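Protein chains in written order, with the working numbering: chain A, 1 to 196; chain B, 1001 to 1201.
No wet-lab data here; the hints were simulated from the structure. Quick caveat, the model's predicted, so the values are computed rather than measured. It is possible that some hints are incorrect.
[Claimed, not checked] Below, in silico cross-link-like pairs of lysine-lysine (BS3-like), each with a Cα-Cα straight-line distance of 25 Å or less:
{"#": "1", "chain 1": "B", "residue 1": "Lys1200", "chain 2": "A", "residue 2": "Lys15"}
{"#": "2", "chain 1": "A", "residue 1": "Lys165", "chain 2": "B", "residue 2": "Lys1167"}
{"#": "3", "chain 1": "B", "residue 1": "Lys1117", "chain 2": "B", "residue 2": "Lys1163"}
{"#": "4", "chain 1": "B", "residue 1": "Lys1179", "chain 2": "A", "residue 2": "Lys165"}
{"#": "5", "chain 1": "A", "residue 1": "Lys31", "chain 2": "B", "residue 2": "Lys1179"}
{"#": "6", "chain 1": "A", "residue 1": "Lys153", "chain 2": "B", "residue 2": "Lys1167"}
{"#": "7", "chain 1": "B", "residue 1": "Lys1072", "chain 2": "B", "residue 2": "Lys1167"}
{"#": "8", "chain 1": "B", "residue 1": "Lys1072", "chain 2": "A", "residue 2": "Lys153"}
{"#": "9", "chain 1": "A", "residue 1": "Lys19", "chain 2": "B", "residue 2": "Lys1056"}
{"#": "10", "chain 1": "A", "residue 1": "Lys165", "chain 2": "B", "residue 2": "Lys1117"}
{"#": "11", "chain 1": "B", "residue 1": "Lys1105", "chain 2": "A", "residue 2": "Lys165"}
[Unchecked claim] Listed below are several chain B residues computed to face chain A (Cβ distance under 10 Å; list not exhaustive):
{"#": "12", "residue": "Asp1005"}
{"#": "13", "residue": "Asp1009"}
{"#": "14", "residue": "Gly1023"}
{"#": "15", "residue": "Ile1058"}
{"#": "16", "residue": "Leu1059"}
{"#": "17", "residue": "Glu1067"}
{"#": "18", "residue": "Gly1068"}
{"#": "19", "residue": "Pro1073"}
{"#": "20", "residue": "Val1074"}
{"#": "21", "residue": "Glu1113"}
{"#": "22", "residue": "Ala1116"}
{"#": "23", "residue": "Lys1117"}
{"#": "24", "residue": "Leu1190"}
{"#": "25", "residue": "Lys1195"}
{"#": "26", "residue": "Val1198"}
The beta carbon of each residue, even a glycine, is placed where N, CA and C say it ideally should be.
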Amino acid sequence: MKLRMVKIKLSEDLKEEMKKLREEIESLKEKLREATEEKLRRGRGIYIDIGNRVHDYVEDVMEGVAEGIHGELEKSIFIGPRGVRIFRRKGEPYEREDEVEVSFPRVAEVMSALGQEHRLRILNELMSGGKYINELQEKLSEITASTLSSHLKVLEDAGLVVQEKVRGRYLITMPGRTAYKMARRVTRFLERRNQE
Amino acid sequence: MMWQDYQLDNTTLKANEVIRLWGADKGVIEIGKDTLAIPIRLGDQRRGYIFHGHGKLILDTIVETEEGAIGKPVEKEINEPFLMLGDTEKVQKRLTTTSKEDLTKMGYENQQEFVAKAEDLYHRFFERGRTFRHRRSGEDHGLVFAFQNKASKLDILVVKGSKLVYKATGIVFVANENKVVLKSPKEVVLSRSGKLFVIKT
C-alpha cells in the first residue's frame, strides 16, 4: 500500500514537470516569434536565417520528445537523485529483473572488470565526474600510464565507462555506477556477516 | 521581402590540405586532402559545398547525468558525397582547381560524372522542402550537413554555437544549452537542468 502511494506521488511529479516543460517551450517559441516579427518590421533585407531554423528545429524536437514522454508516462522509468522508479500501465505484465536472460559470459565480463582493485579505484574517481587521463594518472600515481590505459579499455569493453572522442574525457556510465555501488554493497554485506 | 534559392555551381575544386569543417566540444567534421568539392551558390555568393573524398565525422552523442553517462560516441568515415551549408569563407581559401587525375582518384571518369552525383544529392536534400535562407550580414548562421547513409537516406546534422541537432538512422541527438535529448531505438533520454527522464521504448 505504501509503495502504491509513492508511485502515484512520483507520477504526479512527472506530470507536473512535463507540464512546466511544455509551458516553457511555448513561452520560448512565443518569444522567438516576437523577436522574428520585430526583425522583419525593421526591414533590413533577407531574414529567417539558418540560426532561427536551428532554434525552431531544436524546439520542435524537444517538444516532440516532451509529448512522447507525456504519452508514455505511465510505463516510463524515472531516474532521479533518489534512485530509479519503474512505472508501468495497470495490467501490463511485469518483467522481473531475475527473469531477464543474461548470458554467463557477459556476467563474467562485467564481474571480471569489477574484480580488480585499480579498476574499482578508477570507477571511484569517475563517480565524482568525467576525467581526463592525466587527471586519473595524477590520482592513481602508483599505476603506470600503460596499465591505466589497459584498465580503462577493460572498463570500456564491459560498458562501465565511456570515452568522449572529441575531448577525450572518461565518463562512468549508468550501468557502471550501478555496478560499482552494487560491488561495494555486496562487500559491505559480506563483511557485516563475517563480523557477526 | 526577397527570397533567393540555392544553386549548384559547375566548378569542380579540391581541398589542398586537411580541412576541419566544424569543430566543437561535442564533435568534429574533417575532410582529407584532395577531397573534391562543388560550390553551392546563393546569388553570387558561395554558401555551401558538396564534398566527396575521405573525411570523418565524430560526435559525442552522450548525455552526462548524475546517474551516469548514457549513449556512446558516433565515429564514421565519410567516403560518400555529403552536403554542407553555412559559412564557407574559411573553406574557400583552402580549395584549388582540380585536374582529371584528381577526379580519377575518386573514381570519376570526368567532371560531369561528379557533377551528376552532386546534383543527385543536392536534389535529394532540397526537394524535401528544406528552404534554408541566409541573412546578408556577417553573423554566425550555423552549419547544416547532410550525409548519405547505408539505407540511401540522409543523416542530418545542424550546428550553431552550443546548439546541435543530429538525426540519423536509429538516433536523434539534440543539445541545446542546458537541455539534451537522446533518442535511440531502445530509449528516449531527456536531461534538463540536472533532471533526467528515461523512457524505455
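We went through each hint and held it up to the structure:
1. This hinted pair checks out: B:Lys1200 and A:Lys15 have alpha carbons roughly 17 Å apart, not beyond 25 Å.
2. Simply put, A:Lys165 and B:Lys1167 have alpha-carbon atoms about 19 Å apart, close enough for the 25 Å limit, and the pair holds.
3. Simply put, B:Lys1117 and B:Lys1163 have alpha-carbon atoms about 31 Å apart, too far for the 25 Å limit, and the pair is violated.
4. With a C-alpha separation of about 21 Å, the suggested pair B:Lys1179 and A:Lys165 falls inside the 25 Å cut-off, and the hint holds.
5. For the suggested pair A:Lys31 and B:Lys1179, the alpha carbons sit about 18 Å apart, so the restraint of at most 25 Å is met.
6. A threshold of 25 Å between alpha carbons decides the hint, and for A:Lys153 with B:Lys1167 the separation of about 29 Å lies outside it, so the pair is violated.
7. Between B:Lys1072 and B:Lys1167 the alpha-carbon distance is near 15 Å, which keeps this suggested pair within the 25 Å criterion.
8. Between B:Lys1072 and A:Lys153 the CA atoms are separated by roughly 15 Å; this keeps the pair inside 25 Å, and the hint holds.
9. About 40 Å separates the Cα atoms of A:Lys19 and B:Lys1056, which puts this hinted pair outside 25 Å; it is violated.
10. Using a Cα cut-off of 25 Å, the hinted pair A:Lys165 and B:Lys1117 is violated, with the two alpha carbons roughly 31 Å apart.
11. The straight-line distance between the Cα atoms of B:Lys1105 and A:Lys165 is roughly 30 Å, outside the 25 Å bound, and the hint therefore fails.
12. Evaluation of the B:Asp1005 hint against chain A yields a violated restraint, the C-beta minimum of about 12 Å exceeding 10 Å.
13. Of the supplied interface hints, the one on B:Asp1009 is violated, with its beta-carbon coming no nearer than about 19 Å to a beta-carbon of chain A, more than 10 Å.
14. For B:Gly1023, the suggested interface contact is upheld, since its CB lies about 8 Å from the closest CB of chain A, less than 10 Å.
15. Interface restraint check for B:Ile1058: the shortest CB-CB distance to chain A comes to about 5 Å, inside 10 Å, so the restraint holds.
16. At about 8 Å, the closest approach between the beta carbon of B:Leu1059 and any beta carbon in chain A falls short of 10 Å, and the interface hint on this residue holds.
17. With a least beta-carbon distance of about 5 Å to chain A, the hint placing B:Glu1067 at the interface is held under the 10 Å criterion.
18. This hint holds: B:Gly1068 has a C-beta 4 Å from the nearest C-beta of chain A, less than the 10 Å allowed.
19. A cut of 10 Å between beta carbons decides the hint on B:Pro1073: the least distance to chain A is about 4 Å, and the hint holds.
20. Proximity of B:Val1074 to chain A holds as hinted, the smallest CB-CB distance being about 8 Å (cut-off 10 Å).
21. Look at B:Glu1113: its Cβ only gets to about 30 Å from chain A, farther than 10 Å, so that hint breaks.
22. Restraint check, B:Ala1116 versus chain A: the minimum CB separation of about 27 Å is more than 10 Å; hint violated.
23. Look at B:Lys1117: its Cβ only gets to about 25 Å from chain A, farther than 10 Å, so that hint breaks.
24. With 10 Å as the threshold, the beta carbon of B:Leu1190 comes within range of chain A, its nearest partner Cβ sitting at about 6 Å, so the hint holds.
25. The criterion of a C-beta within 10 Å of any C-beta in chain A is met by B:Lys1195, whose closest approach is roughly 7 Å, and the hint holds.
26. The restraint placing B:Val1198 at the interface with chain A holds, with a minimum CB-CB distance near 5 Å, inside the 10 Å limit.
This entry does not satisfy hints 3, 6, 9, 10, 11, 12, 13, 21, 22 and 23, going by the numbered hints stated previously.
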